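Engineer: Dock chain Y against chain A, hints included.
These protein sequence lines are chains A and Y, in that order. Every letter in the first sequence is one number past the one before it in this note's numbering, and letter 34, counting from 1, is 40. Every letter in the second sequence is one number past the one before it in this note's numbering, and letter 27, counting from 1, is 33.
Identical copies go unnamed one by one, so any copy, or any two together, can satisfy a pair.
20 Å max Cα-Cα, derived EDC-like pairs, lysine to aspartate or glutamate:
1. K24 / E81
2. K58 / E81
3. K70 / E55
4. K77 / E96
5. K15 / D30
6. K70 / D31
7. K51 / E28
8. K77 / D61
9. K43 / E96
10. K77 / E55
11. K77 / E28
Hint data in this document are derived by calculation from the structure and do not stem from the laboratory. Fair warning: this is a prediction, and the values are worked out from it, not measured in the lab.
Number of protein chains: 2
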Amino acid sequence: MTTDCIFCKILAGTIPAKKIYEDDDVIAFNDIKPMAKVHFLIVPKLHVEGLKACDISHQNLLGKMLLLAPKLAAEQGLVGFKTLINTGREGGQEVFHIHVHVFGGGVA
Amino acid sequence: MTTDCIFCKILAGTIPAKKIYEDDDVIAFNDIKPMAKVHFLIVPKLHVEGLKACDISHQNLLGKMLLLAPKLAAEQGLVGFKTLINTGREGGQEVFHIHVHVFGGGVA
Chain A
7 MTTDCIFCKI
17 LAGTIPAKKI
27 YEDDDVIAFN
37 DIKPMAKVHF
47 LIVPKLHVEG
57 LKACDISHQN
67 LLGKMLLLAP
77 KLAAEQGLVG
87 FKTLINTGRE
97 GGQEVFHIHV
107 HVFGGGVA
Chain Y
7 MTTDCIFCKI
17 LAGTIPAKKI
27 YEDDDVIAFN
37 DIKPMAKVHF
47 LIVPKLHVEG
57 LKACDISHQN
67 LLGKMLLLAP
77 KLAAEQGLVG
87 FKTLINTGRE
97 GGQEVFHIHV
107 HVFGGGVA
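Here chain A stands alone, though its shape is the one from the complex (with noise of 0.2 Å):
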């Protein structure tokens, strides 16, 4: 945890988020600025800062990541879905604490 990061921040419970899944690793929750009537992210608990950052010891959680997104979105509703990463800046990242972007169902 860094106690200047927002994700953080929601997994301390300090800045509420509509939570729509959590286990020892990760949660998930819909995302403030929601580009499509569904649009979740799924958040390590560990802070990384990005996937730059991320290294063989961070396989395991990546491919957790990835696998837990057709579940979510199946549950969420979605037939189908995209599953995006930002990374850097000048990827479009926003906040530095590695998340996937799910999202579907058409413009929000």
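Structural biologist: This is chain Y only, laid out in the frame that chain A set:
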């Protein structure tokens, strides 16, 4: 390998592609319809229809594909980039052999 899959044909060498990386598990090659100045695909050699068809046996492979993205993106000169998986026709998937789009560097 399935005989009607364009990515399996690229893997078999019967359809050409501008390959930028290959190892025992995956290849990466430039997208033929780039959405950005740099746009390549990371494709497993194993034919899996898409993310919905993945299970725990694919966790390592999925993690490996994501870990490869920053390495190859840097080699292609990208500082920031996006990694995207489209799942299902409703999710924009066009080739039903799982692949990670990696792109960045501005409009093509």
